[in-house]
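Chemist: Quick note, the sequences are listed as chains A and B, same order.
Heads up: the first sequence begins at 1 in UniProt numbering, then just goes up one per residue.
Heads up: the second sequence begins at 1 in UniProt numbering, then just goes up one per residue.
Just so you know, the hints here were simulated from the structure itself, not pulled from any lab data.
Owing to the predicted nature of the structure, the values given are computational and were not obtained by experimental measurement.
All C-beta atoms, glycine included, are put in the ideal place defined by N, C-alpha and C.
Just to be clear, a hint being listed does not mean it is correct.
Said to hold, decoys possible - Examples of chain B residues lying across from chain A (beta carbon under 8 Å, computed):
(1) L16
(2) M42
(3) C54
(4) R56
(5) G189
Stated by the list, open to error - Taking CB as the label site, the calculated pair distances span:
(6) B:L186 x A:S92: 39 to 45 Å
(7) A:A138 x B:P25: 32 to 38 Å
(8) B:R196 x A:K37: 34 to 40 Å
Number of protein chains: 2
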Amino acid sequence: MPKAVAGPEIERLIQLLARMPGLGPRSARRAALQLIKKRETMLAPLAEAMRVACERIMVCSTCGNVDTTEPCTICRDPTRDPSTLVVVEDVSDLWALERSGAVTARYHVLGGVLSALDGVRPEDLNLDSLVSRAADPAMREIILALNATVDGQTTAHYVTESLKGHGLKVTRLAHGVPVGGELDYLDEGTLTAAIRSRTPF
Amino acid sequence: MPKAVAGPEIERLIQLLARMPGLGPRSARRAALQLIKKRETMLAPLAEAMRVACERIMVCSTCGNVDTTEPCTICRDPTRDPSTLVVVEDVSDLWALERSGAVTARYHVLGGVLSALDGVRPEDLNLDSLVSRAADPAMREIILALNATVDGQTTAHYVTESLKGHGLKVTRLAHGVPVGGELDYLDEGTLTAAIRSRTPF
Ligand SMILES: [Zn+2]
Ligand SMILES: [Zn+2]
Chain A
1 MPKAVAGPEI ERLIQLLARM PGLGPRSARR AALQLIKKRE TMLAPLAEAM RVACERIMVC
61 STCGNVDTTE PCTICRDPTR DPSTLVVVED VSDLWALERS GAVTARYHVL GGVLSALDGV
121 RPEDLNLDSL VSRAADPAMR EIILALNATV DGQTTAHYVT ESLKGHGLKV TRLAHGVPVG
181 GELDYLDEGT LTAAIRSRTP F
Chain B
1 MPKAVAGPEI ERLIQLLARM PGLGPRSARR AALQLIKKRE TMLAPLAEAM RVACERIMVC
61 STCGNVDTTE PCTICRDPTR DPSTLVVVED VSDLWALERS GAVTARYHVL GGVLSALDGV
121 RPEDLNLDSL VSRAADPAMR EIILALNATV DGQTTAHYVT ESLKGHGLKV TRLAHGVPVG
181 GELDYLDEGT LTAAIRSRTP F
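Given these sequences and hints, build the entire structure.
Modeler: Take a look at the structure:
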């Protein structure tokens with residue numbers, strides 16, 4: 001704990017900011033100072049936005065998304081394809097896929113991936129609710145949109161096993177060259193996958 | 001403007017977080033999500049700390065420091081040496097010097113440095129108030145604790161000129177090898193300065 005140099009109100013703000021992902025103690029000090037200097041344009045609006053978020057935002061009990069309604073906007077959207085679920089690790093992945101516009105179905109947020117190292121076990125993930133949702137007679141396909149990491153793939157296998165016997169198609173995202181990606185920056189595994197899954201031009 | 005995927009309350013929080021120094025749009029999304037997930041332990045306390053900071057923190061009209069009292073704690077501290085002022089660019093430099101414990105005097109925050117590139121002119125800095133404070137008959141020394149950059153040194157020269165005629169000693173921080181610093185990572189200017197200012201062992 002470094003020597004406190006500002007008043008307790010500023011120190012408290014710095015300490016809390018330093019716990020945010022992406023900000024260390026040093027950048028938390030800079031951020032606090034910036035916020036204080038721009039009280040009307042930054043600090044006051046951010047304080048208010050956080051208060052509102054705090055009061056209104058909740059986790060969707062159906063899919064694990066965060067929203068201000070329960071169930072969330074996506075779960076309540078009647079135009080979404082009811083025959084498919086896209087399984088993601090985290091809400092940030094759901095957001096990324098929504099930005100892409102490629103998903104017309106609903107999601108299921110696992111809330112993590114299995115990890116022996118971090119001690120994440122199957123019961124720590126939202127797996128039971130996934131199995132329940134998958135049992136819906138309208139369900140046809142489960143798309144596993146998990147990170148292409150060891151833990152992500154271990155989880156993909158576990159989820160696939162858990163869903164056996166429901167007669168569902170279980171798919172995963174394609175591997176390949178990222179759009180705009182340069183070949184000589186890609187690892188061999190990606191290049192091999194891209195060659196194997198090549199498509200007609 | 002990327003497609004909004006979360007509700008307006010979350011989008012607003014992300015947009016405001018993205019304007020904080022050290023956080024871009026991507027890390028702002030991650031930070032917002034983290035805050036929402038840890039509502040009780042992070043989002044609520046941070047919202048409250050910001051509200052309190054917003055209400056109570058002000059800029060000291062004497063020195064430019066930020067504090068919850070006016071004048072600030074440092075300016076009101078009767079044990080501080082009244083014969084010396086330490087001139088800094090920003091409050092963050094004041095904080096850094098206070099953490100070092102090496103300053104027993106008070107400060108003067110310029111609020112920037114002269115910069116032709118950024119269009120910062122003398123009238124944009126807290127220079128008039130510095131000249132007024134320097135005119136105090138008790139004043140003996142002005143320590144220029146400005147960054148060792150071109151703009152910092154230009155500003156140091158300008159401040160020195162502005163203070164002429166008050167019979168004050170104007171000093172600046174020593175150049176040299178940082179404590180714990182490795183020689184072969186230092187530039188030649190620093191090494192030359194360190195050799196020239198060498199001290200008996
Ligand atoms: Zn939902
Ligand atoms: Zn002050």
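Chemist: Quick check on R56 (chain B) please, does its C-beta sit within 8 Å of some C-beta on chain A?
Modeler: holds, 6 Å
Chemist: Quick one: are L186 (chain B) and S92 (chain A) within 39 to 45 Å, going by C-beta?
Modeler: holds, 41 Å
Chemist: Given the hint of 34 to 40 Å, check if R196 (chain B) and K37 (chain A) actually sit that far apart at their C-beta atoms.
Modeler: The hinted range 34 to 40 Å holds for R196 (chain B) and K37 (chain A), with Cβ atoms some 38 Å apart.
Chemist: Is the shortest C-beta separation between G189 (chain B) and chain A less than 8 Å?
Modeler: violated, 25 Å
Chemist: Should the hint that C54 (chain B) touches chain A count as held when the rule is a Cβ pair under 8 Å?
Modeler: At about 5 Å, which falls below the 8 Å cut-off, the nearest Cβ of chain A leaves the hint on C54 (chain B) intact, so it holds.
Chemist: Is 32 to 38 Å respected by the C-beta to C-beta distance linking A138 (chain A) and P25 (chain B)?
Modeler: 36 Å Cβ-Cβ, so the 32 to 38 Å window holds.
Chemist: Return the status of the interface hint for M42 (chain B): holds when the least beta-carbon distance to chain A is below 8 Å, violated otherwise.
Modeler: For M42 (chain B), the interface hint holds, since the closest Cβ of chain A sits about 6 Å away, which is under 8 Å.
Chemist: Let me know if the C-beta of L16 (chain B) comes in closer than 8 Å to any C-beta of chain A, holds or violated.
Modeler: holds, 5 Å
In this structure, the one hint that does not hold is number 5.
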